[in-house]
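Start from the sequences and build out the full structure, keeping to the hints where you can.
Protein chains: 2
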Amino acid sequence: MQTSNRQVVYARQPVGTVTTSCFEVRESTMPEPQEGQVLIANRYLSLDPYMRMRMIGPQGADELGQVMTGRVVGTVAASRHPNFREGDSVFTMGGWEQYSINPGEEVRHIDICNIGWEPYLGVLGFTGLTAWAGLKHYGAMAEGESLFVSAASGAVGSVVGQIAKIHGLSVAGCAGSDDKVSYLTGELGFDHAFNYKTVDHLPTAVAAACPTGVDINFENVGGQIFDAVFKNMNHGGRLLICGGISQYNLKTPDPAVPNLLDFITKQLTMRGFSVRNHADEIGPYIEMAKDWFMNGQLKGRETITNGIEHAPEAFLGLFSGSNFGKQIVKVDE
Amino acid sequence: MQTSNRQVVYARQPVGTVTTSCFEVRESTMPEPQEGQVLIANRYLSLDPYMRMRMIGPQGADELGQVMTGRVVGTVAASRHPNFREGDSVFTMGGWEQYSINPGEEVRHIDICNIGWEPYLGVLGFTGLTAWAGLKHYGAMAEGESLFVSAASGAVGSVVGQIAKIHGLSVAGCAGSDDKVSYLTGELGFDHAFNYKTVDHLPTAVAAACPTGVDINFENVGGQIFDAVFKNMNHGGRLLICGGISQYNLKTPDPAVPNLLDFITKQLTMRGFSVRNHADEIGPYIEMAKDWFMNGQLKGRETITNGIEHAPEAFLGLFSGSNFGKQIVKVDE
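The listed protein sequences derive, respectively, from chains A and B.
Here the numbering used here is used: the first residue of the first sequence is -4, the next is one more, and so on.
Here the numbering used here is used: the first residue of the second sequence is -4, the next is one more, and so on.
Check each hint, because a few of them may be wrong.
It does not matter which identical chain is used: a pair holds within one copy or between any two.
What the hints assert, rightly or not - The list that follows gives simulated cross-link-like pairs (lysine to aspartate or glutamate, EDC-like), each with its CA atoms no further than 20 Å apart:
#: 1; residue 1: Lys226; residue 2: Asp249
#: 2; residue 1: Lys285; residue 2: Glu297
#: 3; residue 1: Lys246; residue 2: Asp57
#: 4; residue 1: Lys261; residue 2: Asp106
#: 5; residue 1: Lys131; residue 2: Glu282
#: 6; residue 1: Lys246; residue 2: Glu304
#: 7; residue 1: Lys294; residue 2: Asp327
#: 8; residue 1: Lys294; residue 2: Glu182
#: 9; residue 1: Lys285; residue 2: Asp249
#: 10; residue 1: Lys261; residue 2: Asp249
#: 11; residue 1: Lys226; residue 2: Glu58
#: 12; residue 1: Lys246; residue 2: Asp222
Just so you know, the hints here were simulated from the structure itself, not pulled from any lab data.
This is the structure we're talking about:
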């Protein structure tokens, strides 16, 4: 077994756009599990836009000099916890590194034979749970209603749309390329989709995609796209604020809600949420979503980058839209 | 019995600030109740800031040439409904006029002997219900939490603060004169209050008034005051959007939410609502609030203007803050 552990460290706080110079790759010594802990050889790492938010101090900020954290799937390399044995396939919160240490209580067995590795970082992982928890707890979905999701071909957005379709909603979304738009309406069964980069007028495009207005907005982008959807909200509409990828790299954020009175006249509800508050629902979610996944109702698509040392470039790609679906890193090439 | 009916009509749509020229006083003929209807001699009329919103077309707009509508208390002048007799004391949705016609189903008997007239337009009327319905349905009030209310000495704001105190919350608010501030902390038992016109820096003033941050914001004003409270919201905070009196007369509204990401990091919920959706709760509300009123836990204060023909000036006064507490009009001097 190797004795070093390649890691990506949070090195410099970004000012505006995050760059690779905000990270450093280092070789650390292999950690050893203490009583109750498990050492995991990470196979795949999840990269998510929310990680950029942790670099906007001080609230929830990452600490400089620390390994970046993220969801991982991998193999137990050594265990001092009774529930785990060497070779077990697991997923957990780990780091941007080859090996991570975790208390056994935070590690979960996964079924690789039938499912494979990647879905546990996407449609069957916290990405999928983010979509589900948002819709379930704050969406008040009703059959026949209309949902709009931004960054719709992204990891969370694509699950949002598919789960809404399963529940009988009319679903529309936007993405940043014609290929992605075709994927939404072709592969994923969206009712309408458009390329936000090529339409003339965003509010008109949303109105055309949602001819009965928008009952639920699942927001991943913010800025002009949020504004365009906001203008199309129906009376009693719900705005679920999951992310704002257009905003993370701005020094001065765009104003989010132009008019307070719209909230009253339309009786809107706007709710910011984080999957962290629903972490204990991951087990039941996987059980439920596995059926959808096995029968083809819930599909995932991944962009895989090879080598943990390339995680920073892959992370930057999330903000330019170079990924298609879930961005993950294969830790060892 | 007189044969004419003095009315105030919505005559011209305001552009920016509402003026008396938006209204016209006219003498109409006395209406006659049809089968199932009641003719009410209006005694007091409620004036409310939300009426300005109905003049911002097209959504929910009043129609030009129609009598302005509003809550009234009065005496049954003629009845063709089995539940009402001439002389009964009632309250209902009526008009800015001496006499109103209503279907009996929309009219409610009131207890004048023990309570008097005015409270049914204030603390025991739809004004009080607005405060209660907002807090009950969207506030998720918990003992020990902190609430901030803007326009705190106003009709709704003063009830919000008192009901929150009854439920064990720490309560702060702002108003537009030192007299009003003294009334809040002296008469109504607010923990903290300040004059928003004389403080140096609104966010600092809110922070000083709410040393543990704000869990619930009950918003009646909008603009800079909303912004200042928003900056002081606690994690998991609720923003109840009831009104935005600073915005109604603006041609271009102020941006309401400066930063979408705050919604995610703080997991905020913002909810616009209207008492119209809770009209069926008025009976139970009066039953409950009557006890608070009788034992002095819920106090009201009114500014009374004499003569229905002076309703327009009194209405304009709501936006300059010339009223103190609930603004009502005594229909006949």
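Each hint, compared with the structure:
1. In this assembly of identical chains, the alpha carbons of Lys226 and Asp249 lie at most 20 Å apart whether taken from the same copy (16 Å) or from different copies (16 Å).
2. In this assembly of identical chains, the alpha carbons of Lys285 and Glu297 lie at most 20 Å apart only when taken from the same copy (17 Å versus 62 Å across copies).
3. Taking the shortest alpha-carbon separations for Lys246 and Asp57, only the intra-copy value of 18 Å comes in at or below 20 Å, while the best inter-copy value is 43 Å.
4. Taking the closest pair of Cα atoms, Lys261 and Asp106 never come within 20 Å of each other, the shortest separation being 46 Å inside a single copy and 35 Å across copies.
5. In this assembly of identical chains, the alpha carbons of Lys131 and Glu282 lie at most 20 Å apart only when taken from the same copy (16 Å versus 36 Å across copies).
6. When the C-alpha separation of Lys246 and Glu304 is checked against a cutoff of 20 Å, the pair qualifies neither within a copy, at 27 Å, nor between copies, at 54 Å.
7. In this homomeric assembly, Lys294 and Asp327 never come within 20 Å of each other (Cα to Cα): the closest approach is 25 Å inside a single copy and 70 Å across copies.
8. For the homomeric pair Lys294 and Glu182, the shortest alpha-carbon distance inside one copy (8 Å) is at most 20 Å, but the shortest distance between copies (62 Å) is not.
9. With identical chains, the CA atoms of Lys285 and Asp249 are never at most 20 Å apart, being 38 Å at best within one copy and 47 Å at best between copies.
10. For the identical chains of this complex, Lys261 and Asp249 are inter-copy neighbours only, at 18 Å across copies versus 22 Å inside a copy, given an alpha-carbon limit of 20 Å.
11. Proximity of Lys226 to Glu58 under the C-alpha cut-off of 20 Å is found in neither arrangement, the shortest distances being 39 Å within a copy and 24 Å between copies.
12. Taking CA atoms no more than 20 Å apart as the test, Lys246 paired with Asp222 passes in both settings, with 19 Å inside one copy and 19 Å between copies.
The structure fails hints 4, 6, 7, 9, 11 (numbered hints given earlier, in ascending order).
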